[in-house]
Amino acid sequence: MSTTEYAHPEALVSTEWVAEHLDDANVRIIESNEDVLLYDTGHLPGAVHVDWRQDLNDPTVRDYLAPAEFARLAGRLGLTPATTVVFYGDKSNWWACYALWVFTLFGHQDLRIMNGGRDKWVAEGRPLTKAKRSHPPTDYPVPAKRNDDEIRAFFQDTLKHSQERKPLIDVRSPGEFKGEITHMPEYPQEGVLRGGHVPGAKSVPWKTAVNADSTFKPAAELRQIYQGTLGFKPSDDMVVYCRIGERSSHTWFVLTKLLGFEKVRNYDGSWTEWGNAVRVPIEKP
Amino acid sequence: MDCSQLDALGSVGMVESDSHYPAGLQKIIDLFQLLPNEEKRETLISYAEQAARWVPKPGEAYDLEDVRKDEECTDTVGVYLRVSRERQVLFRVSLGPQVQTLTRAMTSILCRGLDRASPEEVLEVPSDFVPKIVGADLVRARSHTVYYVLTRMKGIARAYLNRERAAAS
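Residue numbers (the numbering used here), protein chains in the order written: chain A, 1 to 285; chain B, 1001 to 1169.
Here chain A stands alone, though its shape is the one from the complex (with noise of 0.2 Å):
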């Protein structure tokens, strides 16, 4: 593998890619924010919303759609199992990258990011309608399964990759790391308990691995810096996490999708599920 390309160049679409499928058929404009009502105020012209919450959520326990739910909301998109699907959104991409994420597990295979999101297509003067263009129900088949075991941990999982001091990625802040502080910086507090970190966590903060654009870095800088500087091998078994995952999805796409590294999951439990959970160990700073 070359050290200057992405491991699935495929997975990452540029803006003028985007710009030039808006009318594609096969392709799909999926727009997924941390900003609730953002996609309301103008979007990618055909681009269709999908909600972390209301979309990918199981509406009354903490976990996401089982395969049924999930056939049911890929056919109201107009997705096929060939669909071509390409997410974008605020913050950075971290909401597109959770929506891709959940969309992996349940094996939809073609999934890529608008690279820079919706703050580059913007800042481009590309433009934004409010027009929701409809598109034809499909019959998308019910998935076999959710691949958790393949790309999710949970709890107990997280807990034995700590005690076996396996590689472990804490995306958040430094201050939410050091457990100075127990919400995200310029954020409310989301009710944790306790701050710190997973035992045996290093700090890699979700930043680390993007441009002052959001646009992600070569190929080359994340090597150097992911396995170059860190350390880790494209073989780890590796877990990643942060609040609520949805900054962990943005580092499992990196590590997975432009890095190529094989064995790595989202934790999605994080650490609203880990700073309060009772007598579970915590590092500090």
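Calculated from the structure, these hints are not laboratory results. Don't take every hint at face value.
[As the list claims (entries may be wrong)] Derived BS3-like pairs (lysine-lysine); straight-line CA-CA distance at most 25 Å:
| id | chain 1 | residue 1 | chain 2 | residue 2 |
| --- | --- | --- | --- | --- |
| 1 | B | Lys-1132 | B | Lys-1057 |
| 2 | A | Lys-130 | B | Lys-1040 |
| 3 | A | Lys-178 | B | Lys-1069 |
| 4 | A | Lys-207 | B | Lys-1069 |
| 5 | A | Lys-132 | B | Lys-1040 |
| 6 | A | Lys-202 | A | Lys-160 |
| 7 | A | Lys-160 | A | Lys-263 |
| 8 | A | Lys-178 | A | Lys-202 |
[What the hints assert, rightly or not] Over 12 Å on every C-beta distance to chain A, these chain B residues come out as not near it, computed from the model:
| id | residue |
| --- | --- |
| 9 | Leu-1044 |
| 10 | Pro-1056 |
| 11 | Glu-1060 |
| 12 | Ala-1061 |
| 13 | Tyr-1062 |
| 14 | Leu-1064 |
| 15 | Ser-1084 |
| 16 | Ser-1094 |
| 17 | Arg-1112 |
| 18 | Glu-1121 |
| 19 | Asp-1128 |
| 20 | Ala-1159 |
| 21 | Tyr-1160 |
The model shown is predicted, which means the values in this text are computed figures rather than measured ones. The C-beta atom is built at its ideal place from N, Cα and C for all residues, glycine as well.
Go by the hints and put chain B onto chain A.
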């Protein structure tokens, strides 16, 4: 629905509530409670787009100004208060570009809904109006800053009243 249609609609179909709100805010709450979800979203967008109307105006004088970037908010928010001789408040609010759409909408709603209320009435506004307007499904983790602007408005109203009391004693 364009939020400018509110005045024409008046207080049609008042919805009963245990809480007491200033008249202008009550009117907005009543309207939102009658709207189906899709129109609720559209009206919120309309309010968000009108947030710029409530920025401080050149030449306008204020009794108090509070401009700061709090740790809990994504961007700088400035709150400006003027109280008339009739003890009616006028709020102006400046929002940084990173402030979320819902918070922009709430800013517009509060500036309009609290216009001409007394500082005491502002302090008494219960925050339970937020889910009535926004809908419970939009008030969630990562959108709690919708409460932030009300907190800041109450804060500046409290500071005004404290200053007034100090001057009187």
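Given as non-interface: Tyr-1062 of chain B, partner chain A, CB spacing beyond 12 Å:
Tyr-1062 of chain B is indeed farther than 12 Å from all Cβ atoms of chain A, at 26 Å.
Just checking, Ser-1084 of chain B versus chain A, shortest CB gap more than 12 Å?
holds (33 Å)
Report holds if the minimum CB distance from Ser-1094 of chain B to chain A is greater than 12 Å, and violated otherwise.
holds (17 Å)
Satisfaction of hint between Lys-1069 of chain B and Lys-178 of chain A, Cα-Cα up to 25 Å:
holds (23 Å)
When you check the alpha-carbon spacing of Lys-1132 of chain B and Lys-1057 of chain B, does it fall within 25 Å?
violated (31 Å)
Verify this label for me: Ala-1159 of chain B is non-interface relative to chain A, using a Cβ-Cβ cutoff of 12 Å.
At roughly 22 Å from the nearest Cβ of chain A, Ala-1159 of chain B sits farther out than 12 Å, so the non-interface label holds.
Are all beta-carbon distances from Glu-1060 of chain B to chain A longer than 12 Å?
holds (28 Å)
Assess, step by step, whether the Cα of Lys-178 of chain A is no farther than 25 Å from the Cα of Lys-202 of chain A, and give holds or violated.
Distance of about 11 Å is within 25 Å: holds.
Beyond 12 Å from every Cβ of chain A: is that where the Cβ of Glu-1121 of chain B lies?
Glu-1121 of chain B is indeed farther than 12 Å from all Cβ atoms of chain A, at 26 Å.
If we take the beta carbon of Pro-1056 of chain B, is the closest beta carbon in chain A still more than 12 Å away?
Consistent with the label, Pro-1056 of chain B stays out of reach of chain A, its closest Cβ about 23 Å off (over 12 Å).
Verify that the Cβ of Leu-1064 of chain B lies farther than 12 Å from every Cβ atom of chain A, and report whether the claim holds or is violated.
holds (24 Å)
Does Asp-1128 of chain B sit more than 12 Å from chain A, CB to CB?
Asp-1128 of chain B clear of chain A: closest Cβ-Cβ about 18 Å, beyond 12 Å.
Of the hints listed earlier, those the structure fails to meet are numbers 1 and 9, in rising order.
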